[in-house]
Each structure stands twice: as structure tokens, then as C-alpha cells.
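Protein chains in written order, with my numbering: chain A, 1 to 315; chain G, 1 to 150.
No false leads were mixed into what you were given.
Each pair of labels, with its calculated beta carbon distance range:
1. 99/G - 86/A: 36 to 46 Å
2. 26/A - 99/G: 53 to 63 Å
3. 51/G - 21/A: 40 to 50 Å
4. 99/G - 163/A: 54 to 64 Å
5. 131/G - 205/A: 25 to 35 Å
6. 119/G - 220/A: 13 to 23 Å
These are calculated hints, taken from the structure and not from any lab test. Cβ atoms here follow ideal geometry from the backbone N, Cα and C, with glycine treated the same way.
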Amino acid sequence: MTATLPMLWIATLIAGSLLLAGGLAAERLRQRRRGRDAVLRAKYLHILTVALLSERRTPPRFPLLDRPGARAILVETLVETIRATYGPDDELVRRIVAEYGLDRWLLQRIRRSGGYRRARYLAQLAHLPVAPEIAFRVAGHISSRNRYVRFYALLARITADPAEALHAIASYPTPFTATETAEILSVLRRGMLPIAYVPLLESPVENLRRLGVAIVRQFGIEEAEMQLLRIVDTDPSPELAFEALDTLRAMQLPLCRREIAGRIARLDPSLRKTLLRRMAAGGYAPHVLQRLFGAHERPYYEALVQSYKCTLACR
Amino acid sequence: MRQKKSKRLPSGMVLGGGRQPMLPAPKRMNRILIVSDEEFLRDLMRFSLADLPVEIRCAAGADEMRRCCRRGLFDLVIVLHAAPFLCGGDPVRELRPAGLRRPVFYVVTWQQSEHTVLSLLECGVDQYLTFPLSLRRLRAKVAAEIARRS
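Whenever a hint applies, use it, and build me the whole structure from the sequences.
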């Protein structure tokens with residue numbers, strides 16, 4: 001018994017030391033790999049930037065692509081560059097994607113992974129210029145249970161085949177959130193989607209109307225005032241009606257109208273307060289606010305107007 | 001007193017000892033500082049301006065930008081986020097020496113609201129650009145700015 005106890009202690013100590021050493025070695029390997037990835041990312045970005053800024057038409061050579069993880073780094077570099085810039089040679093990027101089989105690689109990853117990882121690969125695919133047939137390969141994921149997978153599959157589909165974009169959005173089952181609308185608008189700003197706002201605002205599909213309101217707001221289209229007023233007055237979705245109201249406010253259009261007052265009276269208290277705050281910040285006169293909001297909200301907006309005016313005057 | 005022997009170079013320049021002829025002062029290279037907390041954007045800017053005859057430095061944030069600007073005078077500072085200008089500080093007036101029009105400040109951000117743009121321009125920012133941006137256009141702008149300065 002007396003000999004067994006020290007031996008047990010020693011065995012535990014050795015096992016602990018081995019575990020610690022193994023953990024340290026693994027961490028060191030991870031650090032080395034992170035360092036190598038950072039170097040490779042910088043190298044790929046340099047090659048890509050030089051190719052995009054020059055007049056060359058042939059895809060550049062990216063070294064070490066056979067290394068594990070190198071293709072993922074190249075895809076990330078391409079996607080981030082496309083997101084941050086406009087006017088890069090689309091044809092050159094398309095050729096790079098085709099030459100190195102990045103679309104096939106992403107499709108394989110999408111098939112094999114699940115959950116958020118799949119959504120991430122779909123988002124990357126949505127930013128790359130790919131052939132229209134890719135739209136059919138990702139269409140199955142639009143019915144996924146995961147909201148992110150569903151949305152990024154839709155985004156990948158509409159960027160791969162812009163001609164079918166409106167049909168794809170109309171058949172999308174879930175109402176867009178503000179973030180999702182902004183993602184679609186960023187695609188639209190890169191010239192991949194049409195900007196005909198009138199059919200969107202008059203569409204019976206809520207998501208298309210939502211997109212139409214976002215386009216009007218993004219580009220400050222004052223000619224759409226009548227359509228916005230109709231949405232404010234009659235739209236069954238209170239969130240969309242609020243978006244239309246807020247768009248009118250953002251474009252500094254007059255808000256002293258019967259249909260606007262009626263909708264504000266029906267709004268949820270938290271949305272009313274948000275609108276009130278934004279109108280006060282936007283510089284609307286107190287008599288406009290007085291006409292649109294109740295007497296019990298008067299002290300709140302008066303304090304807001306005073307504070308915003310003080311900020312403007314004391315600067 | 002013995003005069004120090006001077007060495008005559010083939011081009012007529014004299015090294016060491018004696019009175020040297022008046023040479024034109026070496027032209028100072030223009031200096032650009034790129035400020036961003038995102039390494040990718042910093043590298044993207046650095047590589048797209050790499051073929052210009054400028055010395056490029058990078059800073060990872062507002063504090064490092066202040067340190068770099070205090071250590072040496074930059075001709076152009078490209079800030080890739082609006083935070084240093086919107087957190088109560090006034091970096092342009094703080095970092096631009098009195099009476100000088102350098103460094104010129106370019107701000108490139110994702111924010112497009114009128115309020116932000118006007119606030120930044122009131123802060124003294126010289127150019128406001130938004131992402132996504134054209135690398136060729138940015139390079140041409142920077143090249144024109146540097147040509148104007150020199």
C-alpha cells in the first residue's frame with residue numbers, strides 16, 4: 001500500500017505533464033497555421049489587387065493552392081475584395097472562379113456541411129460571379145429550416161440568375177428582416193438587380209413591397225411619395241407601414257396628412273416613440289409633432305426638440 | 001594645420017573635407033498613413049497604392065494613428081472607419097500642425113447617412129468616400145493629391 005500511493009502520484013503527474021505538453025504543442029501548431037494563413041492571405045490579396053488594377057485578361061497564378069485551407073483563403077480573399085470594391089474586372093474574377101474551380105468547391109462544401117457553416121458558404125457563393133446554372137443547384141436550400149441557410153440560398157440564387165430574381169423573392173416564404181433587405185440592396189447596388197421601384201411598391205407580395213420601400217429610401221426617390229402614402233394608409237403589415245413612414249421622414253417630406261395621422265394613431269407604442277424620436281432629430285417643427293402625436297407624448301417630444309436644437313445651436 | 005584630404009568622385013561630387021558644392025536637397029518622399037482596425041482593408045489599400053512613388057505606413061486604430069502622426073509628418077491620412085471622428089475627439093485639428101494644410105484626411109466608411117457625412121466634413125475631413133469603392137478611382141485621387149502637394 002505504501003509503495004502503490006507514490007507510484008499512483010507519479011503516474012498522475014506524468015499523465016498530467018503529457019496532457020499539458022500535448023495541449024501546448026497543439027496550440028503552437030494552431031498558431032503556426034494561423035500565421036501561415038495570414039501570410040498566404042496577404043500574398044493572394046497582393047496578386048489579386050495587382051491583377052485587378054492591371055489590364056490583364058488571363059487569371060493570375062495563385063501559389064500553394066494544394067495546401068489544406070488554401071482554397072478557402074482564396075475564396076475569402078475574393079469575396080472580401082468584391083464586397084469592398086466596385087468596378088473590379090468582373091470578367092477576370094469570373095475567369096479566376098472558373099479556372100480554380102471555386103464554384104464547384106463551394107458547392108461541395110455546401111453539400112457536406114450544415115447549419116451556420118452551410119449558410120456561410122452560401123453567402124460566399126452569392127458574392128462570386130458564377131454561371132446561371134448554379135441557381136438550380138442551390139434552390140433546394142431555400143426550403144431549409146435554418147433561416148440563414150434559407151436566405152443565403154435565395155441570395156445565391158438571385159445573384160447567379162438575376163433574370164429570375166423577382167420570381168425567386170416573390171416565392172420566398174419568410175418576410176425579410178432589415179438586415180436581409182440591406183443585403184439584397186447591396187447586391188442591387190453592384191448592378192446585379194433591376195431598380196424598377198414602381199412595380200415593387202405596387203406588388204401584392206410583402207417582400208417585394210419591402211424591397212421597393214428600401215430602394216426608394218436608399219436612392220431618395222421623392223416621386224414615389226404617392227405609393228408610400230398608399231402603403232402607410234392601407235398596408236396590412238404594421239412594420240412595412242412604419243418603414244414607409246420612416247422613409248417619408250428620411251426624405252424630409254411633409255407628414256401633415258390625414259392618412260399618416262391615422263396610421264400613427266394605430267401604431268404600436270414602441271414604434272410611435274421611435275418615429276417621434278427620429279422626427280425630432282430630423283428637425284420637424286413642434287406643431288407638426290403636436291398634430292400627429294397625442295397630448296400625453298407632448299413633454300417627451302418637447303424635451304427632444306429642445307435638446308436637439310441645443311445641440312445644433314451650441315456647436 | 002593640415003587640411004583633411006578630400007576624395008573626388010568621377011561625377012564631380014566631393015566626399016569628406018573641404019567645402020562641398022551646393023547640391024539640390026534630396027526630394028522628400030510623400031508619406032501616406034492608412035488607418036483601419038481591419039487588416040484586410042489595410043492591406044487592400046496598401047497594395048492598391050503600392051505602385052505610387054510614396055512611403056506607406058499602416059496603423060491599426062485611432063491611438064496608433066495619433067502616435068504615428070506625432071512621430072512624423074504625413075501628407076495624406078486615409079482612415080477606413082468613422083469612429084475616431086465620432087467619439088468626441090477632433091483628430092484633424094489635433095494632428096494637423098497649425099498653419100499647415102497637411103496631412104490631408106480621406107475617410108472611407110460604409111456609412112452613407114447625410115448626417116454622418118456632414119459631421120465628418122465639418123470636422124475638417126477633406127474627402128469622404130464610401131464602400132464599396134473603386135480602387136482605380138482611389139489610386140487616381142491619391143496620385144492627383146500627391147502631384148498637387150509636390
